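One line per chain: the protein sequences are A and B, in this order.
Each residue of the first sequence is one higher than the last, beginning at 2 in my numbering.
Each residue of the second sequence is one higher than the last, beginning at 154 in my numbering.
The set of hints was computed from the structure by calculation and includes no laboratory data.
It is possible that some hints are incorrect.
The calculated label-pair distances, taken between Cβ atoms and stated as ranges, are [to be verified]: (1) Pro339/A / Gly184/B: 51 to 59 angstroms; (2) Leu182/A / Thr209/B: 43 to 51 angstroms; (3) Ala306/A / Thr275/B: 14 to 22 angstroms; (4) Asp301/B / Ala217/A: 26 to 34 angstroms.
If you're wondering where the values come from, they're calculated on a predicted model, not measured in any experiment.
Don't be surprised by glycine CBs; every beta carbon is placed ideally from N, CA and C.
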Amino acid sequence: MRFIFKTRYDQDIQLAKHSGHVWAYSLLLLLLCLAPWLIEEYWLAQLTFVLIYGIVGLGLMVLAGFTGLFSIGHAAFMGVGAYVAAVLSGHGVSFPVSVTMAAGLSAIVGAVVGLPALRVKGIYLGIATLAFGFIVEEGLARWESVTGGNAGIHVKVVSILGWQANSGEKFYAVCLVLAVLCTLAVLNVLRSPTGRAFVAIRDSEISAQSMGIHLAYYKTLSFMMSSALAGIGGALYAHKMQFISPDQFGILQSVDLLLMVVIGGLGSVHGAFLGAIFLITMPQLITLGKDFLPAFIGQAPGLQAVVYGLVLIGFVMFEPMGLYGRWLKIRTWFELFPFYRKGMFKRQKSFQKSDRLK
Amino acid sequence: MSDILLSAHDLTVRFGGVLAVNGVSFDVRQGEVFTLIGPNGAGKTTVFNLISRIYTPTSGHLNFLGQRLSDVQPHAVAAMGIARTFQNIELFEHATVLQNLLIGRHVHNRTGFWSQMLFTSTVRNAERATRQKVEEVIDFLDLQHYRDTLVAGLPYGVRKVVELARALSTDPKLLLLDEPSSGLNVEETADMAFWIQDIQHDLGITVLMVEHDMSLVSKVSNRVLAMNQGEVLAMGEPAQVQANEAVIEAYLGGSFDAANLRRKG
Numbered sequence: 002m003r004f005i006f007k008t009r010y011d012q013d014i015q016l017a018k019h020s021g022h023v024w025a026y027s028l029l030l031l032l033l034c035l036a037p038w039l040i041e042e043y044w045l046a047q048l049t050f051v052l053i054y055g056i057v058g059l060g061l062m063v064l065a066g067f068t069g070l071f072s073i074g075h076a077a078f079m080g081v082g083a084y085v086a087a088v089l090s091g092h093g094v095s096f097p098v099s100v101t102m103a104a105g106l107s108a109i110v111g112a113v114v115g116l117p118a119l120r121v122k123g124i125y126l127g128i129a130t131l132a133f134g135f136i137v138e139e140g141l142a143r144w145e146s147v148t149g150g151n152a153g154i155h156v157k158v159v160s161i162l163g164w165q166a167n168s169g170e171k172f173y174a175v176c177l178v179l180a181v182l183c184t185l186a187v188l189n190v191l192r193s194p195t196g197r198a199f200v201a202i203r204d205s206e207i208s209a210q211s212m213g214i215h216l217a218y219y220k221t222l223s224f225m226m227s228s229a230l231a232g233i234g235g236a237l238y239a240h241k242m243q244f245i246s247p248d249q250f251g252i253l254q255s256v257d258l259l260l261m262v263v264i265g266g267l268g269s270v271h272g273a274f275l276g277a278i279f280l281i282t283m284p285q286l287i288t289l290g291k292d293f294l295p296a297f298i299g300q301a302p303g304l305q306a307v308v309y310g311l312v313l314i315g316f317v318m319f320e321p322m323g324l325y326g327r328w329l330k331i332r333t334w335f336e337l338f339p340f341y342r343k344g345m346f347k348r349q350k351s352f353q354k355s356d357r358l359k
Numbered sequence: 154m155s156d157i158l159l160s161a162h163d164l165t166v167r168f169g170g171v172l173a174v175n176g177v178s179f180d181v182r183q184g185e186v187f188t189l190i191g192p193n194g195a196g197k198t199t200v201f202n203l204i205s206r207i208y209t210p211t212s213g214h215l216n217f218l219g220q221r222l223s224d225v226q227p228h229a230v231a232a233m234g235i236a237r238t239f240q241n242i243e244l245f246e247h248a249t250v251l252q253n254l255l256i257g258r259h260v261h262n263r264t265g266f267w268s269q270m271l272f273t274s275t276v277r278n279a280e281r282a283t284r285q286k287v288e289e290v291i292d293f294l295d296l297q298h299y300r301d302t303l304v305a306g307l308p309y310g311v312r313k314v315v316e317l318a319r320a321l322s323t324d325p326k327l328l329l330l331d332e333p334s335s336g337l338n339v340e341e342t343a344d345m346a347f348w349i350q351d352i353q354h355d356l357g358i359t360v361l362m363v364e365h366d367m368s369l370v371s372k373v374s375n376r377v378l379a380m381n382q383g384e385v386l387a388m389g390e391p392a393q394v395q396a397n398e399a400v401i402e403a404y405l406g407g408s409f410d411a412a413n414l415r416r417k418g
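Construct the complete structure from the given sequences, taking the supplied hints into account.
Here is the structure:
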């Protein structure tokens, strides 16, 4: 068990709470930097997808996990970002500009979608964002002069001032840099007054308001930040896929994103990335497992959907804190061995019992 | 007039057919502890919700330091220097005690979103200053032990104190306490009484509270306002109000009823 003896306020402000954090995250970053030399190309591509979905997941985590607003149309923001990047890079715009524009436009769209969030909450907000998702998908399909309609659009490779990310390794590097920057930005916001205001709104709107937090402003801000991150993720997604069409940003993608943050663990930044790892590796595991299953199960269509559904139900019932919560428990078990008690995390099960302001 | 912090003029609130508050007027003076008492449903909490702008009065108005509260946005009330606690504790459950108190400092935040995202040295210094202020409150209410505990895991009595601490973190001029002693045991209530006195005398904060525990009321309050059915029954010193005929009748029923209850013969 590690006891942290606090002597300065900075110890609570710093991102790394103790030397163990410094070690662990430096090692992780080192491994990620060396990944192109350590793993094969196929797995590097999967890791790239983990980073891309991790960025989108971060966005949804800010909104759902930290502000308590659920969006069932988040793929639409991804779509906006993806198409902005695709169209701009088609016109020869440099990647840093196009990704900024993708984030910016997604944020503006997010602000517009966030407007109903000021009035409706819970399931009704879910329905509003779901409807928005359909509108965007339909809009992308119909605006053929720009988006190419249902036929889709080809995306050029990332180019930054003449440098072309024309290989898997180079594009992986771009994704890694952006993922690290986005994560740091989110962590910084979360440890400052804005992040605390988000958490306050999640836990009790009425007392957040009486503490002087402008609900409309912070809810809109959360929506904007969340959709900007989804836009960045979408832009990277477009460059990775090299071909995008509106149906990639439909309801199924949105559900996948929501699944990702719930399974990863709502209310934790780790959860976004753990969820992304889950989302990317699960189809591979299912494919691997198919051969070991009897043919009538293994070859049945929709096996993946069933497995996803079962896993989600399992998590909601047995581990509402997600993969990150499970990791916390395992870590605590080792730290406290042999004094871990079963009920230690029990009280945190009642997630989001918030009294919403009328 | 200069020593009047908050004044209510002829406040009336109607929820459909229910007249929750009917023509209530009172003044809260700078530096005093002013208590609202009355049976359940008397409209005390409604008055609180009017002051913190959760409701808007149907007619009548509230003045705080010369400014009409109905002109102020609900979230801006805290920035004017009014902080409150809730009857059924409204803390941020999934945050630590320290984070709860830091949220209390929100109105004093002067840093912008972009500098927070980059966590510039201005933000870092502001965070340190915020923490310093919060530590003063933690010391004042003896919460050191619970600093890093999640609120969700705290016993009721401690949560009550944390809520008081969060309200104090905002550096208020007027502190609204909605039933500070409800759910507390005798010892905790005595502590609460001391703290309210300290808040009044040491911190110089004016307190407006709703309270049912008459021993606490008479111990700490300078003046008491008794309400029933949304109307003012009596106002004055605690002892004076407790002796008031109308107040006794509101709590215990009229002498006519009492006489009828007595066995005849």
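Results for each hint:
1. Pro339/A / Gly184/B: 51 to 59 angstroms: 57 angstroms, holds
2. Leu182/A / Thr209/B: 43 to 51 angstroms: 45 angstroms, holds
3. Ala306/A / Thr275/B: 14 to 22 angstroms: Hint violated: Cβ distance 50 angstroms, outside 14 to 22 angstroms.
4. Asp301/B / Ala217/A: 26 to 34 angstroms: 32 angstroms, holds
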